[in-house]
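Line order of the protein sequences matches chains A and B.
If you count by the working numbering, then the first sequence holds residues 1 to 341, one letter each, in order.
If you count by the working numbering, then the second sequence holds residues 342 to 735, one letter each, in order.
The hints are simulated quantities; they were obtained by calculation from the structure and are not laboratory data.
Everything numeric in this text was worked out from a predicted model, so none of it was measured.
Incorrect hints may appear among the rest.
Said to hold, decoys possible - Beta-carbon label-pair distances, calculated as ranges:
| no. | chain 1 | residue 1 | chain 2 | residue 2 | range |
| --- | --- | --- | --- | --- | --- |
| 1 | A | Arg-287 | B | Ser-572 | 41 to 49 Å |
| 2 | B | Thr-453 | A | Glu-278 | 20 to 28 Å |
| 3 | A | Glu-36 | B | Arg-378 | 36 to 44 Å |
| 4 | A | Gly-220 | B | Pro-455 | 52 to 60 Å |
| 5 | B | Ser-426 | A | Arg-287 | 32 to 40 Å |
| 6 | A | Ala-25 | B | Ser-367 | 53 to 61 Å |
Stated by the list, open to error - Below, simulated DSS-like cross-link-like pairs (lysine-lysine); rule was C-alpha separation at most 30 Å, straight line:
| no. | chain 1 | residue 1 | chain 2 | residue 2 |
| --- | --- | --- | --- | --- |
| 7 | A | Lys-45 | A | Lys-292 |
| 8 | A | Lys-271 | B | Lys-457 |
| 9 | A | Lys-51 | B | Lys-457 |
| 10 | B | Lys-376 | B | Lys-363 |
| 11 | A | Lys-319 | A | Lys-292 |
| 12 | B | Lys-457 | A | Lys-45 |
| 13 | A | Lys-51 | A | Lys-292 |
| 14 | A | Lys-292 | B | Lys-457 |
C-beta: ideal position from N, C-alpha, C; glycine also.
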Amino acid sequence: MVVSIIATGWGAVSPAGWTAAELSAVMVKGEALPVEEFVRQGTTKTLRARKVPKPAARQAYLAHPRLRRTSPISSFAMSAALEAIGADRALIEKGELRLGVVFCVMSGCVNYSRRFYDEVLREPATASPLVFPETVFNAPASHLAALLGATGINYTLVGDPGMFLQGLAQAAQWLQRGQVDACVVVSAEESDWLTVEASALFEPDVVVSEGAGAIYLKNGDAGSVALEAVTDGFSFNDRASRTLAATQMQTELSQTGSADWLCDSRTGSVKEDFAESEAWSSAMMPRWSVKKVLGESFAAASAWQCVLACERLASGAAKSAAHVSVVGCNQQAIGARWVKA
Amino acid sequence: MGMVTGLGAGKEINEAGFREGKTAFSPVTFFDVSKQRVKTAAQAEVPGQSPSKRIMPKQWRRMDRASRLLFIAAEEAWEQAGWQSGERLPMVLGTTSGGMNRGEAFYRQAITTPEKSHGQATRVVQYQAQRQVLDIVEALGFSGPVTLIANACASGGNAIGQAFEMIRYGDAERVLTGGYDGLCQLVFSGFDSLQALSTTTCRPFDAQRDGLALGEGAAVLTLESLESAQSRGAKILGEVVGYGAATDSHHLTQPHPQGDAALKSMEEATRVAGITPEQVGYINAHGTGTPMNDGAEAHAISRWAGEHAAKMRVSSTKASIGHLLGAAGSVEAVICLQALAGQWLPPMRGTQTADPACKFELVREAAAAKLEYALSNSFGFGGANATVIFRRWS
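All chains should be built: construct the whole structure from the sequences, respecting the hints.
Written out as structure tokens, the structure is:
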């Protein structure tokens, strides 16, 4: 779909830190962040992950009654969304701006799900009723709405990393139809030994990470970056169709215009990256691969890609247009075109 | 359209069951409930062998319980619609827990035999909702973007609403939509831990109600624009005419006592449909049977209907098949369409003394009725609220 929606803010939480600026800074440096190694209790397996560092100070939003006991994924989502929304938060809280929320996720609230299910297996009669609701996919989106007092449309979308771009398209549709005045699109993931072990079954060399990314979209012309296009989501079922889907996405994205910067979703694994590398083999523009530096954080990583596109365009490092390419792990290839507004 | 619930597989079996006021509850057999407060649910019969040539036996064995339910409903809808393989179609589905049974199995093996990984990769794949749905897409032979809405128990309603909007705004001619969820230990135990499950009988809107009953199933609808349906001579089963969604920020698991967001959702749906409340002949309520939900929804319906509240006819078919979570909104959509097509009111047996907050008529026996519009409410954890309005096709 072709759209023209302004991004007026963006935010990120990543192993680089709790802001989009820190995310951008480590990508400019281009060196892979250190990896934390740990052994899961009861096993001899060494697991590797990149974790979000502890914040310098406790975030003010954690004082909200909803967020006192919340899991990392919700905290990451809040921080990124609030950074993206910026000063408009006051308008939303006063009910002067109709906010739509799209929250995109792949692994979801893994820590609390594991903890709750462990309690169930040990003794269901004492499994915590406080933990269970936090296991539901839409808990972070609900907390965000509660924090802001937003009563409008709010979707949680589940899928592979490409879902964040589908979320952007969804937000653009709501804005174009006048259903909302603004929309924040957020992705967040939290790491856990469960996701690290699960991921290692498929890509043992890829380091799992965690964090969140958010983009705040509005109609109008008051902003420096615009979302100009999101391609169709090209679904795939196997390795061969994944390569085809990546090529279809690249073709459709390239047809929207040329770009002077590309951010792709390659992880550094030759096998995993084959489809995307093939699709963009003739691309000549400067290119970043965020997962090679920060790790695989699934839905959050595709949000980081878009945040970086906005950062590069806003700073002038990318002059006119930036492309984001996401070839997901097991669902779809999808791309987005960001332009200088 | 296609559906499978604890009453059986297929829309005719379900319609007959609802007309007779059957209930589908039985002791839970496929995971351990011996230490739970509640030990029953409306379990669906899930075939052990692939019921279709479209799914190979090996693939069926790999599929999660929820995937199997989804396939059964999707194939029924696909065959009735007469859509052709090879098309590029969007699919919009709702679910709350996807392939959680596979996720549970992964976790159990990870903690009991952590050094063994046999079968774990398949469990990871089948746990993920997007893979479950793409298996169905492949089996039916079409392609296209997949959208999975996980708005807790409003997911099925949101999915149909989203599909409706895609067609309404010209973004698609046809959309396969619906919802699915299979029973699983984590979710069953979760509702039990909240003491949200009824230890007696699920009695929506009863003054003495004490909780919900869980169920499982799926429903799939083939939505298409009127032009598209008429141009190919399709048999039209009904119309989707309105959709509203709103967020309740009162509490993570409890609705605002006066049902503010539910009211907003219903008002938006009627606005989109271009109708007034008195034109709605039947409401399939969210009606879980919990004290909190039914009280809030009763207030919302009464406020929405205003002076016409006393004439509203309301039931919750969860009394028969339990709460199907992410499938609830889609299953209840099919029930609304059946009610409109057959001009009858789906009953809710078990409810004896109406909650005083109910200013409307509770439908307790199946009855013939003249219906032009039916409304379906779906609400969920996190304050997700969705309302869809259907119209009889004539």
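Is 32 to 40 Å a correct range for the gap between the Cβ atoms of Ser-426/B and Arg-287/A?
Since the Cβ atoms of Ser-426/B and Arg-287/A sit about 38 Å apart, the hinted range of 32 to 40 Å holds.
Measuring from beta carbon to beta carbon, are Arg-287/A and Ser-572/B in 41 to 49 Å?
46 Å, holds
So the hint says 36 to 44 Å: do the beta-carbon atoms of Glu-36/A and Arg-378/B match that?
41 Å, holds
Decide if the proposed pair is consistent with the structure: Lys-457/B and Lys-45/A, CA atoms, cutoff 30 Å inclusive.
Answer holds: Lys-457/B to Lys-45/A is near 11 Å, not above 30 Å.
Is the Cα-Cα distance between Lys-45/A and Lys-292/A 30 Å or less?
23 Å, holds
Would you check the hint for Lys-51/A and Lys-457/B, treating anything up to 30 Å between C-alpha atoms as holding?
Distance of about 26 Å is within 30 Å: holds.
Range agreement (Cβ of Ser-367/B with Cβ of Ala-25/A, hint 53 to 61 Å):
59 Å, holds
So if I understand the rule, the pair passes when the alpha-carbon distance is 30 Å or less; does Lys-292/A with Lys-457/B pass?
Judged against 30 Å, a Cα distance of about 29 Å means the pair holds.
Given the range 52 to 60 Å, decide if the beta-carbon distance of Gly-220/A to Pro-455/B lies inside it.
54 Å, holds
Agreement of Lys-319/A and Lys-292/A with the hint, judged by alpha carbon distance not exceeding 30 Å
OK: Lys-319/A and Lys-292/A at ~24 Å, within 30 Å.
Holds or violated: Lys-51/A to Lys-292/A, with C-alpha atoms at most 30 Å apart
It holds: about 15 Å lies between the C-alpha atoms, which stays within 30 Å.
Given hint Lys-457/B paired with Lys-271/A - CA-CA distance at most 30 Å
Given that 30 Å is the threshold and the Cα spacing comes to 24 Å, the pair holds.
In terms of the numbered hints stated before, the structure departs from hint 2 and from no other.
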